Every structure is written in structure tokens, then in C-alpha cells.
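Add chains Y and X to chain W, keeping to what the hints say.
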Amino acid sequence: MSAPSLDVSGLAFAYPDGHQALFGVDFSIERGERVALLGPNGAGKTTLVLHLNGILTGGAGDVRVAGLAVAKENLREIRRRVGIVFQDPDDQLFMPTVRDDVAFGPANLGISGSELDERVHEALGKVGMAEFVDRAPHHLSYGQRRRVAVATVLAMRPEILVLDEPSSNLDPASRRELADVLRSLDVTVLMVTHDLPYALELCPRSLVLSGGVIAHDAPTHELLAAEALLAQHRLELPFGFDPRATRTGAL
Amino acid sequence: MHVPDGFLDVPTSLATGVVAAGAIAVALKKSRSELNEKAAPMAGLTAAFVFAAQMINFPVGVGTSGHLMGGALAAVLVGPWTAVLVVSVVMMVQALVFADGGLTALGTNITLIGLVTVLVGWSVTKLVLAVLPKRPASVVPASFVGALLSVPAAAAVFVLLYSVGGATELPFGALMATMLGWHTIIGLGEAFITAATVGAVVAVRPDLVYAARGMSQHLVLRTPDGQEIPATAVEVADEPRRSIWPLAVGGLGVTLVIAGALSFFASSNPDGLEYVAEDQGFIAAAEDSAVAGWSLADYGEVGGIPVGVAGLIGVGITILIGLVLFQLIARRDRDRDSVSA
Amino acid sequence: MGAGHVHRLYRHGHTPVHRLPAHVKLVSLLAFVLVVVATPREAFWAFGAYAALLAGVAVTARLPLPFIVKRMVVEVPFVVFALLLPFLAAGPDVTVAGLSLSQEGLLAGWNILAKGTLGVVASILLAATTDARALLLALQRLRVPPVLVEITAFMVRYADVITGEMNRMKVARESRGFSGNVGRRLGVVATSAGALFIRSYERGERVHLAMLSRGYTGALPVLEVQQAQTVQWVGAALLPFSALVVSVVAWMTV
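Chains as they are written, first to last, in my numbering: chain W, 1 to 251; chain Y, 1 to 341; chain X, 1 to 254.
You may find that some hints are simply not true.
[Unchecked claim] Derived contacts from chain Y toward chain W, CB cut-off under 8 Å, selection only:
#1 P206
#2 R222
#3 T223
#4 P224
Hints are computed from structural coordinates only; laboratory data are not their basis.
Since this is a predicted model, take the numbers as computed values, not measurements.
Each residue gets a CB set at the ideal place from its N, CA and C atoms; glycine is no exception.
The shape of chain W in the complex, shown without the other chains (with noise of 0.2 Å):
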């Protein structure tokens, strides 16, 4: 049995000016899972993910990713284990072209010349923006961009892809089409996110962040059918939205 994509014990963190968002995070993800992080506003979500690639450190508690340590002298290999996904696509798209921006990754761990290239295009194909690879990442819609920043973290061939808020601010078509690219893909997933319908779509499981530690660890289904949970922890289902009526793919 090989070690879990990502295991966390005991994560606890405080913010320089005292306040403290992790009071011991623990929970682990199998390879191959697709997971959903739920939690309200304010949770410590952003907070936790910052943690997987060491970005965020200083506080205590563990973190491993396909049992390799999160620490100083792993960051290299760790952050091509881990590919995060920012809310915001226009943060990570700061390069002329999509295929500069693809590029970038790679080129970091050292590759170049064709190899480069075919990781560009192998990357872009896995979501669907072959076709843009010369294009200016601004000339592209909201919805491209999103696809495109996937890209830029699949061509690093991550451990897990770790989404922030992947479905923010996307129209129905483009939902859609994001959501088979990331079925199409065979990697393990978390995914941070306020889109309990697209949550309850993708992720069998789902992590509940509420208090700065892990409230509930149950699959998706369950979770969205209990109401006082739901209430308890701020999570609100859409209007009309009835979980169990729903055909769910995730099962």
C-alpha cells in the first residue's frame, strides 16, 4: 500500500499579528481521491493550502506528500508533487503567452529544449487549449484562463492538484467544460470550494474545515443531506438545489 498523497497531523497556525487560524488540522487523502474542502468564509481554507507546499510554515503539525516531508530542503520536489491552483487565474498567468506561462513551471525543474515543448502541449491538451498556446493569456475568456492556469500546474505532472475555488465566478458552459477536464484527469484532488452542487458533482468525500480544525469527514452525499450540519457550520445549499433528487457522477 503505497503512502497517501497527502497526510497532515496536527496543523496548527497563528497569523503575525496573533490570531490563530489552525488550532490541529488532521486528515489524509489516498492516491487517486478526488476531495472537497468545504468550510465558510474566514474558515482558515486559503490558510491550510498555503501550508500543503510549504509556503506558509512556522507554526506546528506535519505535512507529507506521498510521504515526503514538507520541509526546507524539499521544496523543490514538493512543489512539483503539489500543484495549486489560485482562485484567481490572472494571478498566475504573468507571462506574454499561455505557452511562456505553461512553460514556466517546468523550466523551473530544469527541463528544456523539445522536452519543454511537449510538456506545453501535453499539458494543454489535458484540458482542452491546444489551439491558444500562442495567444495573449488576456485575449482569452474568464473560463479559458481558468483552464489555462490548470495547465500551467499539470505540466509540472503533480502528486495532487489542489483547487481554490475552482467553479468562482464561471458561467454554466464553462463549469462544464472544467468540470470533465478534471474527471478526464487522472490525479488525486482537492478542491476548495463554496459550489456545494459542484462539490456533491465531482468529490465523492468531503472535508469539513469549521474552527480552525477538521469538523466533519464524511462522503459529499451525506453531508449535503444533513441540514442542521449544514447550518451549524455557515454552509448553505442554492435555492431549489435538493441533494438528494440529484443524479450525482462522483458515485
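For chains Y and X alone, kept in the frame of chain W given last:
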């Protein structure tokens, strides 16, 4: 105003170039203790801020203009060594891309606006901090005073450099008085903006202010039921034990030696002091000075071969001094590095 | 001219000058300026020759004269100084157009004006034909210490972020009816400088986090190798070399 090409003569430009290059080399080594992963973009932002601040021009008498320097602000935010790098980068980009400041005057501009303001700004800030309570908020008044004094200091060094190697002689006393006067006022403006910026940053993100390091309380992590969790990682940057004084003494020392040595090779036109002396009748007394006996003491203006020779000798001396100083600092650094490695 | 408008200095084109790798242009420019500054100021004709050389480059790069002149505005402070020197400097006087001017001051003023202006135009030619990214990679290639290149790269990025934030804050202020005299405006600048700093930092911080997450460790990744052909080096060397010839002749005949 950034000094353009041709403002100061070749020996002075080269000498300040040596000082600047030496300072950057030292700063590169020593800034490694200040720069961590997140500090590089902070340095870049500070550089952009300093760049923007320097766009604010004030007309100063004698047909020049003064502007905000930003050296003190940079030192307080990212540490003195990184600040030297930050201001040098700003000077380089302004000279290369915006044609603001001559390329051959880069050494002069970096020395004045980079070294002097950072040096004076940081030293004064540290002095004031030493007498204030150890709280992050103390950085605000400290940086105010540091910035206030850094600007006239740079102006004074500029006048000194000009008196040594200026394109032409101007009355030294009058020039110094005018420059100091105006730049003290500019210093006030600089002090307000520096204090305001530092104050805003330290209130929200004290972790971003270098001068406030080691002043926040130690963070204690707790479990949900209130028990203390022992911290596994300690991320407190060590305050570098190395003092900036070797650089200060070295840099200013070289500059003063230049002033002294080159004054022997000064132009045959009476400089400001001599002009006044002639006027007052003191010149007869100076006639018997030992210097008059030197074959190079009176030489033609820039353009004649004899001047070239004198210039070369001047340059040679200053480069030698600069190299020796650099070696001394580097050796001391290597010894320290091998001890603390 | 402003902190965030590096791209405005650049004028897109496909001339041989634009195609020269940035590090070649940089070295050529530096050599040229060094030669100019070392020229004796009495050799008036030499400066005319230098101006002609620069004009040649401008023509090859298809840069229109008004474009260049507009960007020479940065000169104004030291032009004023240069013009005042003949009136302020000490030394023997000479009568010009009825005015008694210092001869030394005239020569010194001319020195500053000529060399300073040539330096400014050379920089403008470089900036107009080279985009920011190419310039950064050129610095990296010329073995400028990586820390300095990194700081420069972030500075350029942040310059855009700052101007964006400043505009946003300005719009917000004016939408709430603010319009003040110089004093009030300066007060606003001072107090908002701090807020501007933090906002700009946090905007840029997210991009930096994205860069770190994709393995960035400080060096700009080289995505395509910029090899300079010998022909290009020779072509670029024409400028400083011709200047050198002029300078040597000037030294010998002065």
C-alpha cells in the same frame, strides 16, 4: 536631480564608481541574511516605491531640482544591505531605460542616493530605536528622524564631490548653504512620507518591516480547548550581527581621500575658497605652500594631455584604495563566514 | 513618463536594431557613452559626429524624431543648470551678445549639455527598441548578480501594480467628491502612501505565491536561448567603434 554625464570630471566619476561597485559587492554578500523567499518581491516593491517617490521633484535654487530619495524608507523596510541593492537597482533602471542620470555618473548617483541616504537613514533610525521602547510602533518616529537627516546628508556629500571634481568652480560656501537649506526642507517631506508608509505597513503587516524584527511578541499556539502546542518550526530571521560601520568608514573614507588627494591636482582656476581668499588678500600666504612645488599641481583644463596624466594618477590611486578596502572587508567577511557557517 | 510605463518607452518594430539581442545592444550602448564622456569638450565637431552616429541608429530603427524629442524631457533640470553656469561660474569673462559670461562656465555648461544629451538619446534608443523582459534577460546573461536581476524584475512588475492601485484609489476619491489644492493633495499622498504600499504588496504577493508554487527560486527561467550571431555583434560594434575613432582624432587634434 540625478547627476548627468559630464557633470563631474572623469577621475571623480570613476572614484565614485569604484565606491559604488565595492558597496554593491559587499551588500550582495551581506544581504543574504536579510533576504528570504518572500523578501525579494518586497525588495522589488520597495524599489518601485522609491522609483515613484523620486519622480516628485522640487525646484531648488541655482537651477537644479531636488527630489525625494527613499533610501531611509528602503533601509527600514528591507534592511540596510538590501536597501543598498534596491536603490542601486532603481538608479540603474533610471539611467539605462529612462535616461535619468548619466551612465557614467551611475557611480556618483548610487553613492549619493544609495549609500549615503541608506547609511545615514539606517544609523539614525537605529540610534533613535535604541532609546525608544521595544515596540513595533517605535519604528515610526525613528524612521522619521532617519529620513529627515538622510536627505541633507546626501546634499552635503554632493557638494563635497562637486567641489572636488565639478565641471566648473562654483562658490563652495554658497553652494553648500543653498543645497543644505533646500534639502532640509525636502528632508521634512521625505520624513513625513517615510513615517506614514512605515506606520501603515507596521500596523497591518509588521512582519514586512525589517526594522521591526524581533520586537513582536512570541506567538503561542493553542488547541481548541486552550492547551499550548509546542511550536515545531521557528521562523524568526536572525538579526545580522555585522555592523554597517566598516562600509560607512570605508566608503566615506575613500571619498574623503579622493577629495584630499585630488585637490592637489585641482584645476588652475581658483576654486571657491581661493577665489574668496584672493578677494580677501590671503592668496599671498598660499604662494609658499609646498604643493606649489609639485610638477602636477597646476595643470591645464580637461582636454590637454598633461591633465590626462594627472587624471590617470588620480584614478590609479583611488582604484587602489578601493580595491584594498574591498579586500579587507572581504577577508573579514570570509573569516566571519567560516566561523559562523 | 511614469514608473509604470516601461512598456510605453518601447516602440514595436521589426528593424535590425529591434532584432539585436538585448545584451548586445546594452554593451554597445555602454561603450558608446563611455567614449563620449571621455572626449575633450573643446572638440566641438566630435559631438556633432556622435549626434550623426546616433541619428544613423535612429533611422535604422525607424524611430521618428518627435518620438525621441518627447522623451528627452527628462533632461530639463540639468539643461537649466548648464545654461546658468556661464552666469554663475568664477573665472575670466568673455563678452557674448552684450553679456559678460564666464568663459569657464560656458565651456562647462557646453560639456554638460553635449555629453548629457548624447547619453539621454542613447538610452532612449535602447529603451525604444528593447522590451522590458528582453532587458531583464540581458542583465541575467551579462552575469549581473541574480539578486539584482530579481529585484529589478519585481520592481518592473510592481510598478504596474502600483500605478493600477493609484488610479483605482484616485477614482474612488474623486467619486466621493474630492478635489483639492496642492497642499491637500500632498497630504492625501502622504497618508495614502502607506495604504498603497500594503495594497500593492498583497496584490503582488498572490502572483509571487503562484510563482513559488510553480518552483520559482529566484532566477528568471530562460525559455528560449538568445544567441547573438557574429554579424549582429559586428553591426552593434559599429557604433562605439566609430565613436572611438572620432574620440581618438579629437584627442590628437585638440
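Hints versus structure:
1. P206: With Cβ-Cβ at 6 Å, under 8 Å, it holds.
2. R222: Y/R222 check passes; min Cβ-Cβ to chain W is 7 Å, inside 8 Å.
3. T223: Holds. Min distance 5 Å.
4. P224: Y/P224 check passes; min Cβ-Cβ to chain W is 5 Å, inside 8 Å.
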